[in-house]
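Participant: Sequence:
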Amino acid sequence: MITTATTITTTTTTSSTATISTTSTTMTTTTTTAVQALSLLATVTASNFYTGVGTATAQGDALVDRSQTGAFSSGNFAPQYVQLEFPGVYSICNVCLRVGQYPDGVTQHEISVGANVSSLQVVSNLTGYTYNTQWLNITFNPWLSGISFIRVTTTSSPSWVAWFKFLVYGV
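The sequence shown begins at 1 in my numbering and counts up by one.
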């Protein structure tokens, strides 16, 4: 939600008594901008797609929630990445990742964003004990703006790099 305030000042001068009165009025206008699931709009690419769990298209559709079944698997150990390319420039407020991992263990992930692939910058590092089907939720405050690409790079994991969901929200 975006809120703007405008102050209007009215000055009245009365000459017979030589008094000046000032009145201030504040009007507030509220504009609501709906957050949308940007990941639904994205093209999915990755360092590798393991064909044993489906085509690259099927894995991408499952990952960003265009399909309710399936997942992404790189078929390899870290380092591996999965990336979303949006059809324009957006502001991002939240990323939700659902872990696909066996065995459980300590993992390290980097979230990078940018206007293009060559300008990607790390905005979040996730390190900790993770387990299969766990949700990792990252909120950006302030929002990240000017984003056309977002990438999750797994730099360390006890299992092949895989995700059930990679959901991105913003405007």
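Hint data in this document are derived by calculation from the structure and do not stem from the laboratory.
Predicted, not measured: the structure shown is a model, and the values here were computed from it.
Take these hints with a grain of salt, some might be off.
[As the list claims (entries may be wrong)] Pair by pair, the computed Cβ-Cβ distance ranges are:
1. Gly128 to Thr31: 35 to 43 Å
2. Ala37 to Ser124: 16 to 24 Å
3. Val53 to Asn137: 38 to 46 Å
4. Ala37 to Pro142: 17 to 25 Å
5. Pro142 to Gln36: 16 to 24 Å
6. Tyr129 to Thr45: 42 to 50 Å
7. Asn116 to Leu40: 15 to 23 Å
8. Gln134 to Gly70: 25 to 33 Å
9. Pro103 to Thr69: 19 to 27 Å
10. Thr33 to Arg66: 34 to 42 Å
11. Arg66 to Thr133: 15 to 23 Å
Note that beta-carbon positions come from the ideal geometry of N, C-alpha and C, so glycine has one too.
Participant: Taking the beta carbons of Pro103 and Thr69, is their distance inside 19 to 27 Å?
Facilitator: holds (23 Å)
Participant: Looking only at beta-carbon atoms, does the pair Arg66, Thr133 fall within the given range of 15 to 23 Å?
Facilitator: Given range 15 to 23 Å: holds, Cβ gap about 20 Å.
Participant: Mind checking the hinted window 16 to 24 Å against the Cβ distance between Pro142 and Gln36?
Facilitator: holds (18 Å)
Participant: Quick check on a hinted range of 38 to 46 Å for Val53 and Asn137, using CB atoms only.
Facilitator: violated (24 Å)
Participant: Confirm or reject the claim that Gln134 and Gly70 have a C-beta distance inside 25 to 33 Å.
Facilitator: violated (18 Å)
Participant: Honestly, do Thr33 and Arg66 meet the 34 to 42 Å range at C-beta?
Facilitator: violated (23 Å)
Participant: May I ask you to test the hint 42 to 50 Å on the CB atoms belonging to Tyr129 and Thr45?
Facilitator: violated (28 Å)
Participant: Using the beta carbons of Asn116 and Leu40, state whether their distance is inside 15 to 23 Å or not.
Facilitator: holds (21 Å)
Participant: Does the Cβ distance between Ala37 and Pro142 fall inside 17 to 25 Å?
Facilitator: The hint (17 to 25 Å, Cβ to Cβ) holds, given that Ala37 and Pro142 are roughly 20 Å apart.
Participant: Just tell me: holds or violated, for the beta carbon distance of Gly128 and Thr31 against 35 to 43 Å?
Facilitator: Since Gly128 and Thr31 have Cβ atoms about 38 Å apart, the given range 35 to 43 Å holds.
Participant: Evaluate the given range 16 to 24 Å for the C-beta pair formed by Ala37 and Ser124.
Facilitator: holds (19 Å)
In the structure shown, a violation is registered for the earlier hints numbered 3, 6, 8 and 10, in ascending order.
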